[in-house]
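Colleague: These are the residues of each chain, in order.
2 protein chains.
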Amino acid sequence: MVSESMIIKKVKAAKAAAEKMVTVDSAQKNTLLRRMSRALKKNAEYLIQENRKDIAFAEKQGYSSALIDRLRLNDARIKAMAECLNETAALDDPVGEQIASFKRPNGLLIKKVRVPIGVIGIIYESRPNVTSDCIGLCIKSGNAVVLKGGKEASFSNKAIFLVLREEILSSKLPAGCIQLMPSTDRESVGFLLKQDKYVDMIIPRGGEGLIRFVSQNSTIPVIKHYKGICHTYVSDKADLSMAASICFNAKVQRPGVCNAMETMLVHSKIADRFLPEMIKQFQEAGVEIRGCMRTRKIVKKGVKRALAKDWDEEYLDLVLSVKVVDSLQEAVDHINTHGSHHSDAIITRDKREAEVFLQSVDSSSVYVNASTRFTDGYQFGFGAEIGISTDKLHARGPMGLRELTTYKYIIYGNGQIRQ
Amino acid sequence: MVSESMIIKKVKAAKAAAEKMVTVDSAQKNTLLRRMSRALKKNAEYLIQENRKDIAFAEKQGYSSALIDRLRLNDARIKAMAECLNETAALDDPVGEQIASFKRPNGLLIKKVRVPIGVIGIIYESRPNVTSDCIGLCIKSGNAVVLKGGKEASFSNKAIFLVLREEILSSKLPAGCIQLMPSTDRESVGFLLKQDKYVDMIIPRGGEGLIRFVSQNSTIPVIKHYKGICHTYVSDKADLSMAASICFNAKVQRPGVCNAMETMLVHSKIADRFLPEMIKQFQEAGVEIRGCMRTRKIVKKGVKRALAKDWDEEYLDLVLSVKVVDSLQEAVDHINTHGSHHSDAIITRDKREAEVFLQSVDSSSVYVNASTRFTDGYQFGFGAEIGISTDKLHARGPMGLRELTTYKYIIYGNGQIRQ
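The listed protein sequences derive, respectively, from chains D and H.
FYI, the numbering for the first sequence is 1 to 419, going by our numbering.
FYI, the numbering for the second sequence is 1 to 419, going by our numbering.
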């Protein structure tokens, strides 16, 4: 176990840096991010060389080829990381934004202004680009960041960190504003999660097990980027050719991401007309269908029986659950019970029905007549995102720079006292 | 220990009600709140009779007179509770408010709208009025509420709950939208705090011990209403007579509340001129002064020596810590280290200095030339408040109706699929 005193030292240094970060202006932050971007490209060879050590270890351990692919750095990926830093530099700085301003009858002028949160802890797994992406987003939003990456990426993460840290040391920003925890055991992570005196927010990015561990052990507020069990409900009032196009896109275009569709709900009135052709199209694209009893009555060929647990499953793969429902309400209830409050869509031409769906489905992003695949910081126009929150408090849905800030009230008086 | 199945039953009922609450309109909610208000007044005799049981028990247990006073219900207090419900009815409904709306190049129309959070758990101590105040605020903001009051107020809380529940049963709102947990042991509270599947947010209102227990044991996000260690810094550039008036008000006007001043910081350049008269005025009002070494050199009479722990103390009483500092930076560092991020003020005529203070002090409400006593929902113009958050995420400072909501994105398309 990493020594507790070392963890304390790092989070204290981050806190001290965070107090200075509030006075750093946008120009300084942007200049730094652009220099960091260039530094990544300049040091590509070194980064790839360090990354090879992680890859070699992973191969020796017999890790899956999917994991090894996520780990791998190459010129194109380093270029993409550098690009992300430049894009972050180009985004509007949320810090200092005036959210509201009002004058009270006693003359007090109250302003609600956007400020950095302070120290943000990111706990993540395999992908090394998360290191530079998060450093960029946290610096731009005026926060200090404490990074704890996966053991399997430790050489890569450290190399990226050192390259970026060099640039901070030759800037006017406080040196402690980025901190890298050694990749290590859960016990040390558990200790980090109790440092609510120094760390203001924790974002775990990774599998369900990691997120569960973090939220059960943290005394620091956690913003969870949980699984996406996304639904599309095809109403009996849908344009069925639009429905087919959207459902196909939501499932097939990129099945391994959180905003892909996992369950398709179809109204019983149009199921006979809609399902045969739709399922055929899915099957031709290699999608395995797991259907309810009624689905299997309509399409007899190649539809597996959906088990109870399938409705709660995030496949992240070319697999789809299909269920026939008798009403809008049944669809809404199914989504609110089995969904993950991420992204859900209705396909309908009926405006009233659409409004009921939009109001009743308790998810961060609710669509009418569009693919759930659009839940994404870039697609929403926020630019680079730190993730997609499935929580309800503080930040919900795509989290960009603004979601990495909080607010405070500043109040101007001229001697007011309370009566 | 209360049976776990009973707790599960109540939180499940609250969740089911919350799903219906999103479609209840403002008029229905307001009508209900006004009927609840009348019901409290009509049932005053019954409420006072039940309250007597709590008072008798408290007296038998030898509870402090301050606690017994907090417990007591009388006509005036019941009228105030009824008034609070009417005031809440009169406030603007935050639900449905459009926070932002934007169209993307692909034609998607994205709206960010305010929605209820869902199920809010309130864990509180002695004051019975919290029961009706919180029910009013949660209903108006479209949430279901699970209440867990103090054991010492159990007869009073139950009586208030039953009177208000009668009104819900004869309204169109879902019956389960208010739930009262039996007042009981911490074990049951611990179990309640793990029901993140059904409860969306927990607000503990009470002493430090309660808040610590809740935040260490909850898997549900917690908004803390922590102590207020508020500071006033009297700069060398202050109008000293304004400083004296504000400091006196911040300490003496109502010392037992969280936005009262606990520590006064004074610049060394004006300490000789400012402190003798100021401390004399405090002492005449019965304020005990605990000063640093330099304060005690300037005022020799009746100033106790401040111990290290005094800088971290919330006195909630006629006691004041006083410290002489040599710079704005020293004042800011002291506040960020020893304060509770609640409310802090600078008294100065120098605008640049004021801006540095406003930017650098990491508190929910930062004042220039006014008393910290103004941090309050009514004073800010928000109306009734559920408390004052000392957290940074989701809600900071006075929490009114808007802070009891979250948002979601609703997206209107006409067939868009992701490329």
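Simulated from the structure, these hints should not be mistaken for laboratory data.
Certain hints may be false.
Intra- or inter-copy, both count: the list cannot distinguish identical chains.
Below are the SDA-like pairs computed for lysine to any residue, each with C-alpha atoms no more than 20 Å apart in a straight line [what the hints assert, rightly or not]:
(1) Lys9 to Tyr412
(2) Lys237 to Phe191
(3) Lys41 to Ile168
(4) Lys112 to Ser360
(5) Lys280 to Met242
(6) Lys194 to Arg402
(7) Lys158 to Met293
Small disclaimer: the values here were computed from a predicted structure and weren't measured.
Colleague: Which numbered conditions among the earlier hints are violated in the structure presented, ordered from lowest to highest?
Modeller: Failing hints, ascending: 1, 2, 6, 7.
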